[in-house]
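> Residue-level listing of the chains:
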Amino acid sequence: NAGVTQTPKFRVLKTGQSMTLLCAQDMNHEYMYWYRQDPGMGLRLIHYSVGEGTTAKGEVPDGYNVSRLKKQNFLLGLESAAPSQTSVYFCASRPNHRGGQETQYFGPGTRLLVL
Amino acid sequence: EDQVTQSPEALRLQEGESSSLNCSYTVSGLRGLFWYRQDPGKGPEFLFTLYSAGEEKEKERLKATLTKKESFLHITAPKPEDSATYLCAVGWKGNEKLTFGTGTRLTIIP
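Quick note, the sequences are listed as chains A and B, same order. No gaps in the numbering here: position 48 of the first sequence is 48 in the working numbering, and each next residue is one more. No gaps in the numbering here: position 82 of the second sequence is 82 in the working numbering, and each next residue is one more.
Derived by calculation from the structure, the hints in this document are not laboratory data. Even for Gly, the Cβ is constructed at its ideal location relative to N, Cα and C. Check before you lean on any hint, since a few could be wrong.
[Said to hold, decoys possible] Chain B regions said to be covered by chain A (calculated; three or more residues, Cβ under 8 Å):
(1) 38–46
(2) 96–105
[To be verified] Okay, the calculated bits of chain A under chain B, using three or more residues with CB under 8 Å as the criterion:
(3) 49–60
(4) 103–109
Given the sequences, and given the hints that come with them, work out the whole structure.
This is the structure:
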């Protein structure tokens, strides 16, 4: 199993450009997440999905959109990139088990620089 | 407000010098506390999940413990390959979000 994979690994955008980050998991997990990681701050949740066709806002959703058309894929879109969106983006997934908070498994990250 | 605080921010140890990392939290209704290891330029790698006070888990040179207010990650006789940033995250009932601490950057000197 590849686990959680993310593409691209690195991208440079100009302010106002758009792009889509792709997350794929082969563990048949129900839940998927997008986080951003910035220096001096903990990982912060952008959006998440509890199953195919569902999405929900996290802690810092503004400026981002997501889609979960297939169970194994979770896409993060930036419609009009801003320098404040320069960050490292991580995707995570977890199974849906009743009782307790199940462990999230992370991808390798996408480094995004917005000029 | 639910908060997770990790200390120290950075820790330098000689190889073989044991120590502990701290994660304190103010979450009400804990659903789980997670420890991850993160190497530079990589994603967080899962280490442990703890669900209730008194629980302990071990893996090689690492041992994680949990009380009602904090968790410790004990590292025994560390090696240079244990150098990494260690992240703590907390989940609570009724919410899908995990709250992450800012991490402890651990450096083991040969």
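> Next, verify each hint and record whether it holds.
Hints versus structure:
Coverage of a stretch by a chain is defined here by at least three residues with a beta carbon nearer than 8 Å to that chain's beta carbons; for the segment 38–46 of chain B and chain A the count is 6, and the condition holds. Look at the segment 96–105 of chain B against chain A: 8 of its residues bring a Cβ nearer than 8 Å to a Cβ of that chain, three or more, so the hint holds. Only when three residues or more bring their CB closer than 8 Å to a CB of chain B does the claim for the segment 49–60 of chain A stand; here the count is 4, and the claim holds. Counting residues of the segment 103–109 of chain A whose CB lies closer than 8 Å to any CB of chain B gives 7, which reaches the minimum of 3, so the coverage claim holds.
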